[in-house]
Amino acid sequence: MTFETPQGAVRAVQDVDLTIDGGTIVGLVGESGCGKSTLGRSILRLLPENATVRGSIRFAEHDLLTLSPRQMRDLRGRNLAMIFQDPMTRLNPLMRIRDHFIETIRAHDPFVRVKEALERAKKVLADVRVPSDRLGMYPHELSGGMRQRVMIALCLLFKPALLIADEPTTALDVILEAQILQLLQSIMHQYNMSVLLITHNLGLVAEFADRVAVMYAGRIAEAGATVPLFREPRHPYTHGLLRSVIDLQTTKLYSVPGEPPSLLGESVGCPFYPRCEKRMAVCETVFPEVRLVGEDRRKVACHLY
Amino acid sequence: MTAPLLEVRDLKVYFPVFHGFVQRLIGGGDAKVHAVDGVTFSIPEGQVFGLVGESGCGKTTIAKTLVGLVRPTSGQIVFRGKDVTHPDRKGLFHLREQIQLIYQDPHAALSPAMTVGAAVADVLRTHGLPSESGVRVLPKSEDELRAAVYQVFEDVGLRPPSFFYDKYPDELSGGQKQRVVAGRVLALRPKLIVADEPVAMLDMSIRARMLEFLLELKAKHNLTYLFITHDLATAKFMCDRIAIMYLGRIVEMGPARTTYADPKHPYTRALLQAIPSPDPERRSTKVLPKGEVPNAVWPPAGCRFHPRCPAVLPTCGWEGRDVIALLEERWLDLELAAREAEAGPVDAWEANGLIARRDVKEGDPAAVQTLIRGILNGGGGPMADAIRDVSVEERTVVVEFRPPDPLAPKEVEGRVVECLLY
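These protein sequences, in sequence, are chains D and Y.
Positions 1 to 305 (our numbering) are the ones given, in order, by the first sequence.
Positions 1 to 422 (our numbering) are the ones given, in order, by the second sequence.
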């Protein structure tokens, strides 16, 4: 995945392999600029025109990268859906909530009558615990939590198989964040849906994800089942990131030395090399291949293994 | 005990809600946001005092009030023994040499058109160079000014200073910008630094570095911090004392160590419980407060947390709109809503203070009365015990509550807690 920019090509995502099984939550974690949002958007092919994507994205029996725009449009919203960090920028401020539902339903079933569309809207709104009188309101009349619930409800209309949630709670306070994630977890079971949870918050991933992929500088540094990965991180970056989390048990602060790298231009060697505490000579020149490490067959891109 | 560096007594800050012309004519124009509604705390010299709460709880308004960016509605602010609640122009100028603010976003705090050297120099040119005697002297030459800025840059770890002096904010990393902002603040040798979410914008892997830097500066310059954050974990690490705010009031305040070990207020407990733990082997089912923070224009009666509180009592402040909220919540279950259709819909109900009422236009008011009484007794919990009566007046069903018990901050085991449980 490369963006052409006036300053040169930005390799936002490189050599990424990611599998999401049915009915699971996969957490995609990383810091700002690591490419996690770009990866999420490329699944839905929601990328700007200066982006070029190579590789394949298989969803059920389709390769998403070879579908026509029309086929893709049909899959989007029907089988694949996405929620974003700030629902206020995704809801049209001039449209009542009911019209968002009618528009979304008619995008896929053009001949549905308003009455039937509203019945379907009420049903999904009840699932996300939003009272149906909110249908007559405008987005600005809803609270932040309600707006995000409405966004989720819009996604649920066609019972998608995969929901991509890009920092869905970053704009919310801790209690609301926990509420929304509990909600996502319960509807995920109810709708038999998978979730790709994109976040910078390791705590959320630890609490909710079945599997985790840690991204750094456009690549996946480490990926595996949540429990063993948190218990015994193998990649030095994962290790550093986990140590730098400040939680209620923290007694000593830690931060990863250096600053995140620029993605501009061709990179050689491991992108984490300048910040790594376990770097070796080979790291500077050769990019580490992904290897399967340990009993849990974890994917790790590091020369230590 | 020496006098505290800063004392805030019963501070209130209200903002008027903008009303259109017609609305002003028909009245109701006195609505205001109760951003800070009776807050009292004090900070001894050399301590880190944490003000913790969710967005909209009033913590940033307090910060702005302290540096004179917002005028308090009432209350008193005493800084180093002097009343600075309503400073005049000159008083404010000198107050700001002693109380300085660090914002959340260093990028927004620096002018993109000014080199970072010029940004710091500007402050020193306005306020003069601090000296041993405490009297500020205006710099005599540009060279002297530049040397003073270099000294500041050295101080905050921007080395070599000559390298950074002519940089624009765009050319620096987030951490470096935060250091420039800290340098500009320190250049005046303030006594108190108000840090408003200083690390919220930074990536996790470098956040700790900024916190350590703040603690280093504190030790080196004998500073006192008011540390404002929504992140309880960071506050635990940084603060000597903390105050938890909810909707304009402090609900719990005390030494950080004991407050975290044994939180008293149900809101503090809820906040602590909601923090996601980065340990998948300690996953637990959380019992979260219902709903969201209510509108600060009409804060709930009694305890402001009562509509969401898991430990709520009948005397916490129930009122008419809580009935409407209960019905709304209950009828999210579409089957239940259909079965209890006679008592609804929700919009047929209106609330006024301690009363919730519904005019029954068709059908039998007595039947609605029985139905609503059953619903409240069945699903109302402690709210049901707060009801004085469910009556029928002509064709109107009226639910009336008893007034709440008075609520005031109480001393509980060395802490101040505002909750009827104690």
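Any given hint could be a false lead.
[Claimed, not checked] Here are the simulated lysine to aspartate or glutamate pairs, DMTMM-like style, with alpha carbons at most 25 Å apart:
# : chain 1 : residue 1 : chain 2 : residue 2
1 : D       : Lys-122   : Y       : Asp-347
2 : D       : Lys-159   : D       : Asp-99
3 : D       : Lys-159   : Y       : Asp-333
4 : Y       : Lys-220   : Y       : Glu-335
5 : D       : Lys-252   : Y       : Glu-281
6 : D       : Lys-122   : Y       : Glu-329
7 : D       : Lys-122   : Y       : Glu-45
8 : Y       : Lys-290   : D       : Glu-141
9 : D       : Lys-159   : D       : Glu-232
[What the hints assert, rightly or not] Beta-carbon label-pair distances, calculated as ranges:
#  : chain 1 : residue 1 : chain 2 : residue 2 : range
10 : D       : Glu-277   : Y       : Ser-162   : 26 to 36 Å
11 : D       : Thr-251   : Y       : Ser-391   : 56 to 66 Å
12 : Y       : Arg-136   : D       : Tyr-305   : 58 to 68 Å
13 : Y       : Pro-16    : D       : Ser-32    : 13 to 23 Å
14 : D       : Ser-32    : Y       : Arg-159   : 37 to 47 Å
15 : D       : Glu-295   : Y       : Ser-42    : 49 to 59 Å
16 : Y       : Asp-122   : D       : Arg-297   : 42 to 52 Å
17 : D       : Glu-141   : Y       : Arg-283   : 44 to 54 Å
18 : D       : Arg-70    : Y       : Glu-216   : 30 to 40 Å
19 : Y       : Lys-220   : D       : Asn-192   : 55 to 65 Å
[As the list claims (entries may be wrong)] Stretch-level coverage of chain D by chain Y, calculated; a stretch enters the list once three of its residues show a Cβ under 8 Å from a Cβ in chain Y:
#  : stretch
20 : 7 to 21
21 : 194 to 202
22 : 289 to 299
For the record, the hints were derived by calculation from the structure and aren't laboratory data.
The structure presented is a predicted model; accordingly, all values stated were derived computationally and were not measured.
Glycine is no exception: its CB is placed at the ideal position from the N, C-alpha and C atoms.
Here is what the structure says about each hint:
Proposed proximity of Lys-122(D) and Asp-347(Y) is supported: the alpha carbons are some 16 Å apart, at most 25 Å. A hinted pair counts as satisfied when its Cα atoms are at most 25 Å apart, and Lys-159(D) with Asp-99(D) qualifies at roughly 19 Å. A hinted pair counts as satisfied when its Cα atoms are at most 25 Å apart, and Lys-159(D) with Asp-333(Y) qualifies at roughly 20 Å. Simply put, Lys-220(Y) and Glu-335(Y) have alpha-carbon atoms about 65 Å apart, too far for the 25 Å limit, and the pair is violated.
In summary, the hint linking Lys-252(D) to Glu-281(Y) is supported, as the alpha carbons are separated by about 21 Å, within the 25 Å threshold. Distance check on the hinted pair: Lys-122(D) and Glu-329(Y) sit about 14 Å apart at the alpha-carbon level, within 25 Å; holds. Restraint check for Lys-122(D) and Glu-45(Y): the C-alpha separation of about 57 Å exceeds 25 Å, so the hint is violated. For the proposed pair Lys-290(Y) and Glu-141(D), the alpha carbon gap of about 19 Å is at most 25 Å, so the pair holds.
This hinted pair does not check out: Lys-159(D) and Glu-232(D) have alpha carbons roughly 36 Å apart, beyond 25 Å. Our hint of 26 to 36 Å for Glu-277(D) and Ser-162(Y) holds, since their Cβ atoms are close to 31 Å apart. The hinted range of 56 to 66 Å is satisfied by Thr-251(D) and Ser-391(Y), whose Cβ atoms lie roughly 59 Å apart. Take Arg-136(Y) and Tyr-305(D): their Cβ atoms lie about 60 Å apart, and the range 58 to 68 Å holds.
At roughly 38 Å, the beta-carbon separation of Pro-16(Y) and Ser-32(D) lies outside the given 13 to 23 Å, and the hint is violated. Distance hint check for Ser-32(D) and Arg-159(Y): the Cβ-Cβ separation is about 26 Å, which falls outside the suggested range of 37 to 47 Å. Under the hint 49 to 59 Å, the C-beta atoms of Glu-295(D) and Ser-42(Y), about 56 Å apart, fit the expected range. As the Cβ distance of Asp-122(Y) to Arg-297(D) is approximately 59 Å, the hint placing it in 42 to 52 Å is violated.
For the hinted restraint 44 to 54 Å between Glu-141(D) and Arg-283(Y), the CB-CB distance of approximately 36 Å leaves it violated. Between Arg-70(D) and Glu-216(Y) the CB atoms are about 59 Å apart, so this pair departs from the stated range of 30 to 40 Å. At about 58 Å, the CB distance of Lys-220(Y) to Asn-192(D) agrees with the hint of 55 to 65 Å. For the stretch 7 to 21 of chain D, the stated coverage by chain Y is violated: 0 residues have a C-beta nearer than 8 Å to a C-beta of that chain, whereas at least 3 were required.
A count of 3 residues in the stretch 194 to 202 of chain D with a Cβ less than 8 Å from any Cβ of chain Y is obtained; the coverage claim is therefore met, three being the minimum. Using a Cβ-Cβ cut-off of 8 Å, 0 residues of the stretch 289 to 299 of chain D lie near chain Y, which falls short of the minimum of three, so the contact claim is violated.
Of the numbered hints given earlier, the model fails hints 4, 7, 9, 13, 14, 16, 17, 18, 20 and 22; all others are met.
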